[in-house]
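Those sequence lines, one after another, are chains A and B. Heads up: the first sequence at position 137 corresponds to 137 in this note's numbering, and the numbers run straight through without jumps. Heads up: the second sequence at position 184 corresponds to 1184 in this note's numbering, and the numbers run straight through without jumps.
These are calculated hints, taken from the structure and not from any lab test. Predicted model, so just to flag it, every value in this text is computed and none were measured. All C-beta atoms, glycine included, are put in the ideal place defined by N, C-alpha and C. It cannot be assumed that every hint is accurate.
As the list claims (entries may be wrong) - Partner residues are not named here, just some residues of chain B that face chain A (Cβ under 8 angstroms, in silico):
#1 W1052
#2 Y1159
#3 T1246
#4 S1271
#5 F1304
#6 G1308
#7 Q1322
What the hints assert, rightly or not - Away from chain A, derived, C-beta distances all over 12 angstroms, residues of chain B:
#8 V1040
#9 Y1048
#10 L1105
#11 I1109
#12 G1155
#13 G1160
#14 A1170
#15 V1184
#16 L1193
#17 S1216
#18 A1263
#19 L1298
#20 L1299
#21 W1305
#22 I1323
What the hints assert, rightly or not - Each pair of labels, with its calculated beta carbon distance range:
#23 B/R1196 with A/E69: 58 to 64 angstroms
#24 A/V91 with B/F1152: 29 to 35 angstroms
#25 A/D103 with B/F1304: 18 to 24 angstroms
#26 B/Q1154 with A/E81: 18 to 24 angstroms
#27 B/F1135 with A/Q116: 40 to 46 angstroms
#28 A/D103 with B/L1105: 53 to 59 angstroms
Each chain, letter by letter, is given below.
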Amino acid sequence: MKISRRQFTAGTLAAGAAAAFGALPSRSAFAQGSKPTIAFFVKNVTNPFWKACRVGAEKAAKELGVNMEVVAPTKPDNIEEQTRLVEDWIVKKPDAFAFVPVDYKALVPSIQKANQAGIPIVMYCNDMTDVDKVTFVGSDDEVFEYEISKYLFNAMGGKGKVVHIDGVPAAFTAQLRKKGFERAVKEFPGIEVLASQPGQYRRLPASQVFENLMQRFPQIDAVVSANDDMAVGIVEALHAAGRSGQTKVVGIDGIPDAIQAIADGKMFATADYSGHDQGYLAMQAAVRHLRGEKVPKQILLPVIIIDKENAGKVARTPEERSAPSWDKVVGKA
Amino acid sequence: MTMQAVRPSARPMKPDLLGLSPDRLFVVVSRLVALTLIVVTLSILSPYFLTWSNLINVARHAAPLFLLSAGLTLVVLTGGIDLSVGSVLGLAACLAASLITGGSLVLGIAAALGAGLACGIINGVLVAYAGVPSFIATYGMLWIANGLAYVFMQGEVIYGLPAEFRVIGAGFVGPIPVPVLIMVVTLIALHVLSHRTPLGRGIYAIGGSPVAARLSGMPVQRRLMFVYAVSGLMASFAALVVVARTNAADVSLGEEQLLPALAAVCLGGTSLFGGVGGVAGTAVGALILALVLNGMNLLGIGTFWQAGVLGFIILASVFADQIVGGRIGRAGGTTQ
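Make a model of the complete structure from these sequences and hints.
Quick look at the structure:
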């Protein structure tokens, strides 16, 4: 691999030109034939969910021939830092933002500034109100937990004793998910809710809480956990207590070890809350908007249930996943 | 009144029962008052509480927190603080999980403990030799350890550890969970170390009065190095137990561990000003925190209420201890 100086200089100039065009008002990038730049925001670099979003978005960026810049706060989910990042990127003026707020209220003023600067914004994963956006791409937390609960209750023949493990009490998603659970419970009079306790969306606290609950309830027919990390912790706790096989555990998200546990028959099912697909579709939506195509105001992912039947076939890592079809998802919405 | 300027622990010691001088024994006993009150209350409120399996369950929950707080206790006894314990736990957990799932059990354990020890030694050098306040030195280390873990993990989660490793977190010896055995052994070892050796007495003396300790010819810097090194090492040791327990590791594992660890130390009667308290108290503190969660789960306290209830019980337990313990203290004629 040899690069002549001339080629190198030409490359540098092209990159410089791209950067310069990137700084011009948006929508024109495609028209001018240069590659548009899209700033893809994530909440942190620690949680694998955001990595999955990033991987999905990168696939779309590559397919569609756009530059993608990942923007993440170094302090996970830090409001103040994301506010600063948004301000920095308004100055850099990319062609579009694919944005997820670390807090759906606190970031409203920052995104309004981006609106004033004329940067088109695709929201993904968590929606925001009082801002102008091209579209929202995401999954409805309430519907996800409603569907997985209903799936479980049907499998139980509509009756039995169920424990719910909540997420972080303050988290909006946790509240929505629990609402979905409660809606499903109302439809099944034979389902008795023994307890609903917080597991903080994390494995260790959830397993400890569940171990405490096992002391109180000798018979637990099923557990609905507000995410998979907790569900796997509960599966472990059941196993340690010699109660595996007596309790059906369901979660939400579709993380790799939950899919593994389902394939192994240790966990019952989960709902695939795919970060990969959300990231991919958010990037697609942003590029299609820049191309001048019509994008619907809201793009909601369908609920896909992973159970023993299909767990063996589902891709575990975001890299292995195949990209969702835009027409199929948008056609459904 | 001039006597009050001298902390009890700085006085010459007459070790008796369990190697404790009377006033140190008093600190432990008075903490047991709070623990006993919680146990009695929960026994009355819930029929599921006072069973062998539930008590074992609570001890098992307290064990990882105790391991994390045990080294921290020694630091606090010298009048310092180690804010990096949670992050060091996270870093060590990631290293261990990654190398162990990569096939090398020994290397994984060694790397985790080595990283913890190294972080602790750096903290120690900064505090003891460079004169950096412990709050700042260990706050810096908090971010360094976090940062290293981020870079190392790249947002991945590692799961599926081998059964022979998982024994230390999830195994049982007879009816006793392995983490509980580890907790007891660690407690005894650190207790003996801090009460029966010149090194341990030095730790108390430094916390009581660093100037007096130095003037008495004690190698203050070396002892400070030692406590920070132990704190880092214990944090990485706790990481091994947690990873073995949960069967997974990600960078945020240590995120919410610092404050509960500090709370266990303080609930255990160790003064943040140094010189007073000990690891036995910290074990009680960790048990109190585990008991409160257990009690709330058994009683079915609503999700939104739990944080508030936890705070209330922590305050109430300290308050009960002050009232009851204060009386016993005066009746016994010990200085408090």
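A quick look at each hint next to the structure:
no., hint, verdict
1, W1052, "11 angstroms, violated"
2, Y1159, "4 angstroms, holds"
3, T1246, "5 angstroms, holds"
4, S1271, "29 angstroms, violated"
5, F1304, "6 angstroms, holds"
6, G1308, "11 angstroms, violated"
7, Q1322, "29 angstroms, violated"
8, V1040, "18 angstroms, holds"
9, Y1048, "4 angstroms, violated"
10, L1105, "20 angstroms, holds"
11, I1109, "20 angstroms, holds"
12, G1155, "4 angstroms, violated"
13, G1160, "7 angstroms, violated"
14, A1170, "6 angstroms, violated"
15, V1184, "19 angstroms, holds"
16, L1193, "28 angstroms, holds"
17, S1216, "44 angstroms, holds"
18, A1263, "15 angstroms, holds"
19, L1298, "5 angstroms, violated"
20, L1299, "9 angstroms, violated"
21, W1305, "9 angstroms, violated"
22, I1323, "29 angstroms, holds"
23, B/R1196 with A/E69: 58 to 64 angstroms, "60 angstroms, holds"
24, A/V91 with B/F1152: 29 to 35 angstroms, "32 angstroms, holds"
25, A/D103 with B/F1304: 18 to 24 angstroms, "19 angstroms, holds"
26, B/Q1154 with A/E81: 18 to 24 angstroms, "20 angstroms, holds"
27, B/F1135 with A/Q116: 40 to 46 angstroms, "42 angstroms, holds"
28, A/D103 with B/L1105: 53 to 59 angstroms, "42 angstroms, violated"
Of the numbered hints listed earlier, those contradicted by the structure are 1, 4, 6, 7, 9, 12, 13, 14, 19, 20, 21 and 28.
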